[in-house]
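Colleague: From first to last, the protein sequence lines stand for chains A and V.
Just so we're aligned, residue 1 is where the first sequence starts under our numbering, counting upward by one.
Just so we're aligned, residue 1 is where the second sequence starts under our numbering, counting upward by one.
Please keep in mind that the hints were generated in silico from the structure rather than gathered at the bench.
Where is the CB? At the ideal position from N, CA and C, for every residue including glycine.
Keep in mind that a hint or two might mislead.
Quick look at which bits of chain V chain A covers, simulated, 3 or more residues with Cβ under 8 Å [as the list claims (entries may be wrong)]: (1) 24 to 31; (2) 204 to 216.
To list a few chain A residues with every Cβ distance to chain V over 10 Å, as calculated [as the list claims (entries may be wrong)]: (3) Thr33; (4) Ile34; (5) Gly56; (6) Val76; (7) Gln100; (8) Asp131; (9) Ser155; (10) Arg181; (11) Glu301; (12) Glu316.
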Amino acid sequence: MKKEMLWLAVLLAMGLTACGGISESSPTPKPTTIRLPMGFVADVQFAPWYVAVEKGYFAEEGIELEFDYSWETDGVRLVGSGELPFAIASGDQVILARAQELPVTTITSWFQRFPVSVVALEGNGIEEPIDLAGQKVGIPETFGASYIGWRALASEYGLEEDDVELEVVGYTQLANLTEGRVDAAVVYANNEPVQLKQAGRDFVQFLVAEEVSLVSNGIIANETVLEERPELARAFVRAFLKGLQDTLEDPEGAFEICRQYVEGLEENEDAQRAVLDATIDYWRGEQLGESDPQAWRNTSEVMRSAELLQESIDLEKAFTNEFLP
Amino acid sequence: MSRRHLSRIGLAVLSLSVFLLLWQGVVSLGGYPTFILPSPRAVVERLGSLLMSGALWRHVQVTLKEILGGLALGTFVATLLGYLLAHSPVAERLLAPYIVASQSVPTVAIAPLLVIWFGTGLLSKVLVCALIVFFPILVNTVVGVRSVSRDLRDLMRTLQASRWQMIWMLEVPAALPTLLGGLKVGATLAVIGAVVGEFVASDRGVGYLLKQGQQLYDTPLVFVGIGTLVVMAQILYGTVALAERLLLRWQD
Numbered sequence: 001m002k003k004e005m006l007w008l009a010v011l012l013a014m015g016l017t018a019c020g021g022i023s024e025s026s027p028t029p030k031p032t033t034i035r036l037p038m039g040f041v042a043d044v045q046f047a048p049w050y051v052a053v054e055k056g057y058f059a060e061e062g063i064e065l066e067f068d069y070s071w072e073t074d075g076v077r078l079v080g081s082g083e084l085p086f087a088i089a090s091g092d093q094v095i096l097a098r099a100q101e102l103p104v105t106t107i108t109s110w111f112q113r114f115p116v117s118v119v120a121l122e123g124n125g126i127e128e129p130i131d132l133a134g135q136k137v138g139i140p141e142t143f144g145a146s147y148i149g150w151r152a153l154a155s156e157y158g159l160e161e162d163d164v165e166l167e168v169v170g171y172t173q174l175a176n177l178t179e180g181r182v183d184a185a186v187v188y189a190n191n192e193p194v195q196l197k198q199a200g201r202d203f204v205q206f207l208v209a210e211e212v213s214l215v216s217n218g219i220i221a222n223e224t225v226l227e228e229r230p231e232l233a234r235a236f237v238r239a240f241l242k243g244l245q246d247t248l249e250d251p252e253g254a255f256e257i258c259r260q261y262v263e264g265l266e267e268n269e270d271a272q273r274a275v276l277d278a279t280i281d282y283w284r285g286e287q288l289g290e291s292d293p294q295a296w297r298n299t300s301e302v303m304r305s306a307e308l309l310q311e312s313i314d315l316e317k318a319f320t321n322e323f324l325p
Numbered sequence: 001m002s003r004r005h006l007s008r009i010g011l012a013v014l015s016l017s018v019f020l021l022l023w024q025g026v027v028s029l030g031g032y033p034t035f036i037l038p039s040p041r042a043v044v045e046r047l048g049s050l051l052m053s054g055a056l057w058r059h060v061q062v063t064l065k066e067i068l069g070g071l072a073l074g075t076f077v078a079t080l081l082g083y084l085l086a087h088s089p090v091a092e093r094l095l096a097p098y099i100v101a102s103q104s105v106p107t108v109a110i111a112p113l114l115v116i117w118f119g120t121g122l123l124s125k126v127l128v129c130a131l132i133v134f135f136p137i138l139v140n141t142v143v144g145v146r147s148v149s150r151d152l153r154d155l156m157r158t159l160q161a162s163r164w165q166m167i168w169m170l171e172v173p174a175a176l177p178t179l180l181g182g183l184k185v186g187a188t189l190a191v192i193g194a195v196v197g198e199f200v201a202s203d204r205g206v207g208y209l210l211k212q213g214q215q216l217y218d219t220p221l222v223f224v225g226i227g228t229l230v231v232m233a234q235i236l237y238g239t240v241a242l243a244e245r246l247l248l249r250w251q252d
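Given only the sequences and the hints, what does the whole structure look like? Please build it.
Modeller: Here is the structure:
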């Protein structure tokens, strides 16, 4: 009996010690690890994300962020299938995905303006978009943001499909343009024109964003995550927007942070810095991250007329501003 | 039709039916949405719509043109060079390191460069196909030509055969089995080459269909594209195998 009492006392003492341990210092909750498909290779254009990580904004929200530089469509599929909670994707991808019943929603419009443009070298007789009639225009694909941007611009100027010789050139627009194989090319306004400028070439540029408002890149989320873990979505958006705000206020500092993430930045520093400066302009807006319903309607209409979308989708489910701070 | 032939067809139908049933079973039991794993029915319906509109045939024609062009060019250059390497140790020592090194470069890395250098049309795709079929045919040509026995060469020389007679009457027949083996591998690889070329820049072809399916989240279209490529590769392989049987009848 005495022996049994002794055991009881030892166990009781151990239990009390353990309880004391918990009450004295509550352990830090384990951060939620999130793998984020970026849709492109490591690049200065992801500066707000790198800034948000380096300044600890994600850590403050209990999130450990892992960058996954996989293709955009793969990211959308992974989010749609519930494998991952979030990804970076453009609005047109969300519309296409929803048309195929993927439950994805844009919760932050990172780009406030659509960054696609058409460029032509000076001296080609192309001074206005209407001058593109009868010319050969190089385009990366006949789907995706470039094509949607082209269709929107052409439509604004009354250019029909047969008015222009559209040639799919992949992502070799500059080589084709400078070699004279095409008269103009559909490009990303924050990238190829910067390279042309760096190469000392004079060119004319027609910005899609000056003609019509379309949706571009943003953060997409799985619908189930938004229903079951809305706080995680809010925390994720909050952390990103802080990184975005800091990048807009201090591009120089953001560029320095990019050095840790983008390999070979030193070799091409001037061009990369110019790309970041050009891209920043497309992120600015009255309310950072806010989705514009009209831009979504415009994008959907362009996609319908381009026959990328067979039937209209319920746009109210394609985006929401509910998770913005 | 012989009984043996009928039983072979029966086995093929049976294995296809089991495969389709298993596929349907996985889709039904797993409850997968179409964008992850479409049912056989969804794929057949997509195939039907592409066949009815004539779109599939249009795309197949484009890819076939690229494959045949690449196969012809790759075979021509590889056979000529293979013959030279088989006979000239100096040429082999000079060129072999570069040829082997070229095989360590993935075609997907070269394809965008070919598009920049030769444009986005048929030529760049034909060149991608030619590059991919080049090596197996070259290696088999070298092996085939070198497999001709010294005794037979000596015999031809004794009979005072000319250079051309030596080639047509001895080396070509002797090297043909190995060469056709290389061509069988090359024919299937050429399909991959065409798709790689179309992935870089195209607005037509089966590779384009695949890309379109991926971009538009149209997974049944991706399945149709993959199935079409498999059938094309099988037909090309079968054609070379048939040619092999016809050309090598003398061996029986």
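Colleague: All hints are to be evaluated individually against the structure, with a verdict given for each.
Modeller: Tested hints:
1. 24 to 31: It is violated, with 0 qualifying residues against the three required.
2. 204 to 216: With 5 residues closer than 8 Å to chain A, the region 204 to 216 of chain V meets the three-residue bar; holds.
3. Thr33: Consistent with the label, Thr33/A stays out of reach of chain V, its closest Cβ about 23 Å off (over 10 Å).
4. Ile34: holds, 21 Å
5. Gly56: holds, 36 Å
6. Val76: Per Cβ check, Val76/A is inside 10 Å of chain V; nearest 7 Å; violated.
7. Gln100: violated, 4 Å
8. Asp131: Label holds. Min Cβ-Cβ 23 Å, cutoff 10 Å.
9. Ser155: holds, 20 Å
10. Arg181: violated, 6 Å
11. Glu301: Its Cβ never comes within 10 Å of chain V, the nearest being 17 Å, so this holds.
12. Glu316: It holds; Glu316/A is separated from chain V by about 20 Å at its closest Cβ, greater than 10 Å.
Violated hints for the displayed structure, listed by number in ascending order: 1, 6, 7 and 10.
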